[in-house]
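Construct all of the structure, not just a fragment, from the sequences and the given hints.
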Amino acid sequence: MDNLLEELQPIFRDVLDQPNLIITRESNASTVEDWDSLAHVNLVTAIEKRYKIRFALGELQELKDVGDMIDLMKTKLGQK
Amino acid sequence: MINIDSLSLDDLLVKRKGLRRQLAAQAGLQDIRIAVLGGSTTNEVVDLLEIGLLSSGFRPNFYQCEYGRYYEEAVLDPDALIEFRPDVVYIHTSSLNVQEFAPLQCSEEELQGYVDVEVERYKRIWTSLEQNLSCQIIQNNFELPAFAILGNMDAIAYGGHSNFVMRLNLAFACAGVSNKKLLIQDVHGISARIGLKQWFDWERWFSYKILHTPEANLAIALSLTSMVRSMYGKSRKVLVLDLDNTLWGGVIGDDGVEKIQIGRETPVAEAYTAFQEYCLSLRNRGVLLAVCSKNDEEIAKQGFEHPDSVLKLEHISCFKANWEPKHENILAIGRELNLGVDSFVFVDDNPAERAIVEAQVEGIAVPDIGRDVVNYAGIIEAGRYFEPVSLSAEDFERAEQYAKSSERTAFETKFADYGEYLDSLEMSAEIDTFKPVYLDRIAQLTNKTNQFNLTTRRYTLAEIEAISTDSRYIGLYGRLSDRFGDNGLISIVLGRREDATLHLDLWLMSCRVLKRDMEFAMLDAVVDHARTAGVDTLLGYYLPTRKNVMVADHYEKLGFIRRNSSAEDGSIFYLSVSEYAPRNTHIKVAELIHG
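Chains A and B supply the protein sequences, listed in that same order.
For the first sequence, my numbering assigns the number 1 to the initial residue and increments by one for each residue that follows.
For the second sequence, my numbering assigns the number 81 to the initial residue and increments by one for each residue that follows.
It should be emphasised that the hints constitute simulated quantities derived from the structure, not laboratory data.
The structure presented is a predicted model; accordingly, all values stated were derived computationally and were not measured.
Don't be surprised by glycine CBs; every beta carbon is placed ideally from N, CA and C.
Each hint should be verified, as a subset may be incorrect.
Label-pair restraints from in silico Cβ distances [claimed, not checked]: (1) L4(A) to V454(B): 38 to 46 Å; (2) Q9(A) to R100(B): 19 to 27 Å; (3) D17(A) to D376(B): 52 to 60 Å.
Once the Cα atoms are required to be at most 30 Å apart in a straight line, the calculated DSSO-like pairs of lysine-lysine come out as [said to hold, decoys possible]: (4) K49(A) to K289(B); (5) K52(A) to K97(B); (6) K76(A) to K277(B); (7) K64(A) to K52(A); (8) K314(B) to K97(B).
As structure tokens, then:
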């Protein structure tokens with residue numbers, strides 16, 4: 001479970017097409033290049049498909065950065 | 081080449097940006113401009129469509145309307161669209177975009193009134209696009225509504241939304257049949273195959289106004305890709321079939337014809353029979369069937385004489401059963417049918433054979449059909465290889481025509497002198513300027529003829545229509561009949577007049593009528609029309625492609641003189657009209673009376 005950040009690296013790199021990108025728990029849309037609203041939808045959809053989870057309405061608005069996202073994912077994956 | 085059929089949806093979604101970059105780096109892509117007018121957010125479907133088209137040899141350039149403004153941008157404010165000059169406009173709407181459903185309590189007449197109002201709104205879109213742009217329109221019909229509030233009666237009652245959508249779809253079908261520039265994408269069918277529960281994506285709808293699941297958007301994008309491929313003549317034409325454990329169960333050489341599984345006796349035999357019926361239905365709509373099998377030819381043919389075999393030898397346009405490598409046999413089938421192997425689909429239960437054919441035969445499609453016959457048809461169907469965008473009588477008769485061609489080949493061998501053979505064919509041709517009734521076929525031929533095609537210029541129906549009424553152009557079509565039957569409309573020459581010179585922008589012929597001297601008859605007619613129009617010189621162009629080597633010396637054979645030395649980027653030839661004497665001696669050309 002603690003490897004989630006590492007697992008997300010290639011997803012971010014592929015979706016944003018930046019092979020050398022390194023994300024941290026603190027990364028967010030304003031610190032990562034090209035992470036715009038379209039890319040955001042693509043990231044969320046990619047994560048939902050990969051982990052077979054669904055984010056509920058409103059859950060995503062609460063998130064400030066990748067760390068929040070990982071914590072939310074952990075909750076969801078723990079529930080499964 | 082990246083085969084997107086082999087990628088999972090997850091990979092496509094995650095890697096789409098990198099895939100697009102890699103695919104766009106390929107050489108020789110054909111530019112195409114596509115405007116997408118959506119009733120919901122269309123970015124995902126456009127991304128997936130872009131990857132589909134890039135992997136089909138196109139380089140698409142997209143325009144997407146402002147969110148939800150599909151009507152406004154098409155009808156009220158089309159300037160941006162006009163400036164974009166799309167080749168294709170795709171109107172992507174859904175049952176959620178219906179403006180006003182009929183009230184629950186209404187009569188049949190009232191329901192029809194509400195349906196008419198909705199259809200009229202779309203007709204204004206289509207008409208405006210036709211008047212302002214020279215493009216093909218693709219309009220999807222509608223999935224059933226997400227909720228059937230009247231239960232089963234939703235499809236029955238005049239106030240049911242399902243009933244409304246079905247009537248709307250029927251009206252769209254009628255509009256598509258009567259308007260050649262309007263293609264209807266059957267989203268009703270596509271959504272049914274996926275299932276409405278996997279179709280609508282309410283989280284993404286409320287969050288981002290994306291209405292469909294990624295699965296649905298992929299299905300929509302792939303179906304659009306096959307429609308565009310078909311519009312540009314890139315649909316496939318031939319289904320090449322293995323025999324043992326593909327068309328029947330068992331190995332005929334080992335088991336004997338009486339032991340192979342075909343017919344109604346066992347479940348396995350029934351499944352092979354059903355697959356043969358599927359192949360026959362493809363053949364009856366114009367897809368050619370060929371056999372490529374490692375077998376003794378005589379024994380292999382016995383399989384088709386089995387009383388329960390649905391497929392008979394007469395249904396097979398080319399039959400190769402021997403012990404040579406399959407890829408060599410497939411290349412031979414291509415030569416015999418005069419068709420490029422990149423229009424072939426190869427079906428074989430043996431993965432090793434599939435692998436070698438896929439590696440050795442450039443451009444052939446080799447679906448992984450697995451080993452279970454119950455899945456074969458569904459897997460071939462999912463590849464959307466044979467998508468037609470229009471159906472002409474010629475499509476339904478094609479297999480017959482090829483059968484007659486092989487009869488001709490047999491017949492040919494009896495003559496020592498080729499001229500004598502040509503005379504014995506009792507050929508007659510009709511050659512005339514473009515007529516409305518043939519414009520469809522003419523546009524279709526410009527898009528699918530690759531071998532006997534001097535310039536390989538593609539024309540849309542809209543362009544051919546414009547040319548047919550433009551006095552600067554001399555456009556001639558040729559039909560050819562012989563003692564074996566009517567070959568249909570098989571040749572087109574298009575000349576563009578500039579002062580006293582006629583530039584031959586296009587000269588093509590179906591390979592069905594190769595070596596019949598039809599090109600002489602066409603040239604006689606071109607010169608006739610050119611003289612009448614005051615032309616003194618014909619200029620012919622040969623633009624080489626990978627497929628049209630057979631016509632490299634076409635103009636010189638016709639007596640044109642080469643003007644430049646042979647160049648890779650094309651050759652130019654000229655012919656003086658005043659010195660020309662008619663060349664055709666073997667084809668009787670009908671006198672046409674113009675009234």
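Going down the list of hints, with the structure as the test:
1. L4(A) to V454(B): 38 to 46 Å: Distance hint for L4(A), V454(B) holds at roughly 41 Å.
2. Q9(A) to R100(B): 19 to 27 Å: 21 Å, holds
3. D17(A) to D376(B): 52 to 60 Å: Hint holds: Cβ distance 54 Å, inside 52 to 60 Å.
4. K49(A) to K289(B): 19 Å, holds
5. K52(A) to K97(B): Holds. K52(A) to K97(B) sits at ~22 Å (cutoff 30 Å).
6. K76(A) to K277(B): 22 Å, holds
7. K64(A) to K52(A): Answer holds: K64(A) to K52(A) is near 22 Å, not above 30 Å.
8. K314(B) to K97(B): 25 Å, holds
Checked against the numbered hints given earlier, this structure breaks none of them.
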